[in-house]
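Participant: Model the full assembly from the supplied sequences, consistent with the hints where possible.
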Amino acid sequence: MRIDTEIIDNHTGEPVPATLHDEVTIAHFLETQKEWRPVVVGAAKKLHHAGAGQQIPQHWHWDWNRKAPELGLLPIRFLAVECEDRLQGLMKVDLVSHRCRISGQRGQELVYIDYVEVAPWNIKTFTEALGLQPRFSGVGTRLVEAAVRLSQDEGFKGRVGLHSLPASERFYLSGCSMKGVERNLNKQGLLWCEFTPEQAERFLRGEMR
Amino acid sequence: MKTMNTDPAWLKRMADLEDGSFVSVGGWVTALEEAEAPARMFQPTRSAFSRLVQLARRERNMTVELLAEESGIRLADLLRIEQDEHYTPTPRVVYRVAQCFSLPETELMALAGLLEVSDNEFSDAALKFAARSAPVQELTREEHAALQEFVRYLTHREKQVS
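Protein chains in written order, with my numbering: chain A, 1 to 209; chain B, 210 to 371.
These are calculated hints, taken from the structure and not from any lab test.
One or more of the hints may lead you astray.
[Claimed, not checked] Which chain B residues stay away from chain A? Per the calculated CB distances, all over 12 Å, these: (1) Ser-230; (2) Gln-308; (3) Glu-314.
[Claimed, not checked] Pairwise CB distance ranges (calculated): (4) A:Gln-54 - B:Lys-211: 40 to 46 Å; (5) A:Leu-173 - B:Gly-281: 35 to 41 Å; (6) A:Ala-50 - B:His-365: 51 to 57 Å; (7) A:Glu-182 - B:Glu-351: 27 to 33 Å; (8) B:Pro-217 - A:Lys-34: 29 to 35 Å; (9) A:Arg-86 - B:Ala-340: 48 to 54 Å; (10) A:Pro-197 - B:Asp-293: 44 to 50 Å.
The beta-carbon is built from N, C-alpha and C at its ideal position, and this holds for glycine as well.
Facilitator: Shown next as structure tokens:
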């Protein structure tokens with residue numbers, strides 16, 4: 001699957017062509033993490049020096065290669081946004097493991113966003129630490145849009161759920177207008193966020209509250 | 210999936226809202242963390258399981274040895290259940306604990322970490338119980354009340370689920 005789309009080039013403030021595709025393997029994923037790592041390490045050093053290292057979610061410091069044996073056993077598929085021949089963002093979804101929790105649609109099937117990241121050169125925390133501006137904008141938005149459209153294709157009517165990390169809550173609650181449902185004690189107190197079909201449709205039309 | 214939103218105004222507005230922020234989620238990452246370090250994770254249900262066994266035993270004025278004799282559970286297993294909150298007993302041992310104290314088996318399996326608990330109410334109740342029942346030599350009235358209340362909750366939940 002390859003779909004033409006656009007993201008925002010922050011140098012011009014205008015949309016540029018990008019591609020949404022599902023041609024990412026675990027090997028490709030690990031290569032991508034290796035490519036992202038120097039940006040993360042460089043920014044993290046500066047942030048730690050400034051006493052602001054806690055702004056970076058812990059797993060950004062992981063050496064994913066150490067987890068390779070475990071990951072290689074899993075049937076994993078990703079959706080990715082590519083631009084200028086580089087992966088700008090990655091998302092892993094699961095159509096089976098989680099169900100809706102909002103009252104009124106409790107127990108219904110949904111697309112669960114299991115993993116999603118935007119490349120570090122598109123994240124302000126990293127780029128500002130390095131004295132730069134994010135290279136592209138709207139990558140996370142495109143990935144959430146892809147999850148909603150996948151949910152519609154699967155007959156889940158746009159229902160999407162995820163466990164947001166604290167650093168991302170503003171994006172999901174204010175940016176996407178997902179509903180923050182509950183904090184899950186079995187997931188380190190992370191906030192469960194969910195789209196109803198109506199909220200998902202409003203997100204796609206840009207008619208958030 | 211055939212197309213994406215082609216409206217540039219929508220994209221610009223959404224990109225502004227995204228504002229270069231983190232979009233990280235916890236599903237896969239926390240699952241990998243937990244798989245690597247289960248012993249370091251605080252599990253409120255497992256903590257409640259330890260306290261529940263301790264209090265139920267003490268309420269009956271039983272020593273661990275006596276409980277081992279009467280339940281047929283190995284002494285070492287009972288000690289680990291009561292004192293090592295990261296120890297996961299076997300289903301057979303949990304079944305015997307349930308039989309011995311007339312507690313609902315399925316709920317006890319969930320508390321012991323043998324069944325996945327998906328509702329927060331259950332975890333909250335376990336957390337509150339663990340917090341309210343700090344160990345002392347004899348059961349206080351509050352501990353007794355906490356124990357009774359939690360056992361009532363487990364029994365009520367078992368009936369609701371079944």
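Participant: If a hint holds in the structure, say so; if it does not, say that too.
Facilitator: Okay, the hints, checked on the actual structure:
With a least CB separation of 5 Å from chain A, Ser-230 of chain B falls inside the 12 Å interface cut-off, contrary to its annotation. The beta carbon of Gln-308 of chain B sits about 27 Å from the closest Cβ of chain A, which is more than 12 Å, so the claim that it is off the interface holds. Annotated as non-interface, Glu-314 of chain B keeps its C-beta farther than 12 Å from every C-beta of chain A; the closest such distance is 21 Å. Between Gln-54 of chain A and Lys-211 of chain B, the C-beta spacing of about 42 Å keeps the proposed range 40 to 46 Å intact.
For Leu-173 of chain A paired with Gly-281 of chain B, a C-beta distance near 52 Å fails the hint of 35 to 41 Å. Between Ala-50 of chain A and His-365 of chain B the beta carbon distance is about 53 Å. The supplied range of 51 to 57 Å therefore holds. The supplied range of 27 to 33 Å is met by Glu-182 of chain A and Glu-351 of chain B, whose beta-carbon atoms lie about 28 Å from each other. At about 33 Å, the beta-carbon gap between Pro-217 of chain B and Lys-34 of chain A stays in the expected band of 29 to 35 Å.
Separation of Arg-86 of chain A from Ala-340 of chain B is about 49 Å and conforms to the stated range, judged on CB atoms against 48 to 54 Å. Our hint of 44 to 50 Å for Pro-197 of chain A and Asp-293 of chain B holds, since their Cβ atoms are close to 47 Å apart.
Going down the numbered hints, you'll see the structure goes against 1, 5, while the others check out.
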